[in-house]
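> Sequence:
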Amino acid sequence: MPALHKAIFAVMLAALIALPFFVYPVFAMKVMCFALFAAAFNLLLGFGGLLSFGHAAYFGGASYVAAHAAKVWGLTPELSVLCGAAAAGVLGLAIGSLAIRRQGIYFAMVTLAFAQMVYFVALQAEFTGGEDGIQSVPRGDLFGLIPLADNIALYFFVLVVTFGGILMLYRIVHSPFGQVLKAIRENEPRAISLGYDVNRYKLIVFTLSATMAGLAGATKSQVFQLASLTDVHWSMSGEVVLMTLLGGMGTIFGPLVGAAMIVTMQNYLATFGAWVTVIQGVIFVIGVLVFREGIIGVLSRWLKRPL
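Remember, the working numbering sits 4 above the position in the sequence shown when you count from 1.
Hints in this document: simulated from the structure, not taken from any laboratory.
Mixed in with the good hints, there may be bad ones.
[What the hints assert, rightly or not] FRET-style restraints, in silico, Cβ to Cβ:
id	residue 1	residue 2	range
1	I156	G277	27 to 35 Å
2	S239	K308	31 to 39 Å
3	I21	V202	36 to 44 Å
4	G148	I21	18 to 26 Å
5	N271	L171	37 to 45 Å
6	M16	I287	34 to 42 Å
7	L307	G78	45 to 53 Å
8	H9	P193	30 to 38 Å
9	L171	W279	33 to 41 Å
10	Q270	D136	21 to 29 Å
11	P142	R194	51 to 59 Å
12	I109	Y200	20 to 28 Å
13	F131	H9	25 to 33 Å
14	I196	D136	44 to 52 Å
Just so you know, even glycine gets a beta-carbon here, dropped at the ideal spot from N, CA and C.
All chains should be built: construct the whole structure from the sequences, respecting the hints.
Rendered as structure tokens:
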């Protein structure tokens, strides 16, 4: 890891450790969950070159599974989160094996279609609670020892999950597997001519991205003690695309910045009601015009160092 990246991660960790003592912990946890969600999506789009319009299926699907596991099965928080992430990974493997057979806009439409199917299941299935969702999810005791009813205790659990997930994504991107992904993104025919099984790599990155998105969704259900239709709605898929593009697609830290900006706007501009969406749209248009490579993408170009 370059010294610059080590320094950024160190500053980020120090800031996150201090954050719950200056802002509302639940808001800080929401930022972290969406930062991990955006980073997971960026693995697929920014490094795999695959645009999915259905990533809410894994985020929300894992949220429902984790909430059900905690409330009905009585599992501890860490096992509930792992169940949600595993369910998202299996769902991603199933959907990805079909979606990767198409490219471009057709791939995006297939992922959107499957995501709408997941939304319909969440709306109609008995265990999901329909329009009410799964409410009053117990936070439980971490490893059966540490009660997470306290927001500060839960915050540091979410911090470990989020920071660990981002480091894992960083390692994937900078591994030989990640280098092959970039080659496929830049020139797929050439990667095929070099003997790489392109579809296999696409399926693996699709599954990994779905699993990490599920990890974020499962963690969010523990934070808010709720799994709702909002998590699987198509607008959630669009939101994570916005976060990634605004922060900087194909960068490590861009999606984190984009997620923090969007969640902060939603939180502090909530008094504007439906106008929040309009304000977000205006900011996105300005961001695209001024920062065509995303905020961190432009900063990376100015510094002439990858971020």
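> Take the C-beta atom of G148 and the C-beta atom of I21, compute their distance, and say whether it sits inside 18 to 26 Å.
25 Å, holds
> Per the hint of 37 to 45 Å, is the separation of the Cβ atoms of N271 and L171 within bounds?
The hint (37 to 45 Å, Cβ to Cβ) is violated, given that N271 and L171 are roughly 26 Å apart.
> A range of 45 to 53 Å was offered for this pair. Does it hold for the Cβ distance of L307 and G78?
Holds, at about 50 Å.
> Is 27 to 35 Å right for how far apart the beta carbons of I156 and G277 are?
Holds: the Cβ-Cβ distance is about 31 Å, inside 27 to 35 Å.
> Should the hint that I21 and V202 are 36 to 44 Å apart at their CB atoms be regarded as holding?
41 Å, holds
> Regarding I109 and Y200, is the given constraint of 20 to 28 Å on their beta-carbon distance met?
24 Å Cβ-Cβ, so the 20 to 28 Å window holds.
> Between F131 and H9, is the Cβ distance one that fits in 25 to 33 Å?
Roughly 42 Å apart at Cβ, these two residues miss the hinted range, so it is violated.
> Within 44 to 52 Å or not, the Cβ separation of I196 and D136?
49 Å, holds
> Taking the Cβ atom of L171 and the Cβ atom of W279, is their distance within the range 33 to 41 Å?
37 Å, holds
> Between the beta carbons of M16 and I287, is the distance compatible with 34 to 42 Å?
Distance hint for M16, I287 is violated at roughly 23 Å.
> State, for the Cβ atoms of H9 and P193, whether the hinted interval 30 to 38 Å holds or is violated.
32 Å, holds
> Indicate whether the distance between the beta carbons of S239 and K308 respects the range 31 to 39 Å.
Distance hint for S239, K308 holds at roughly 37 Å.
Violated hints, in rising order: 5, 6, 13; the structure is consistent with all others.
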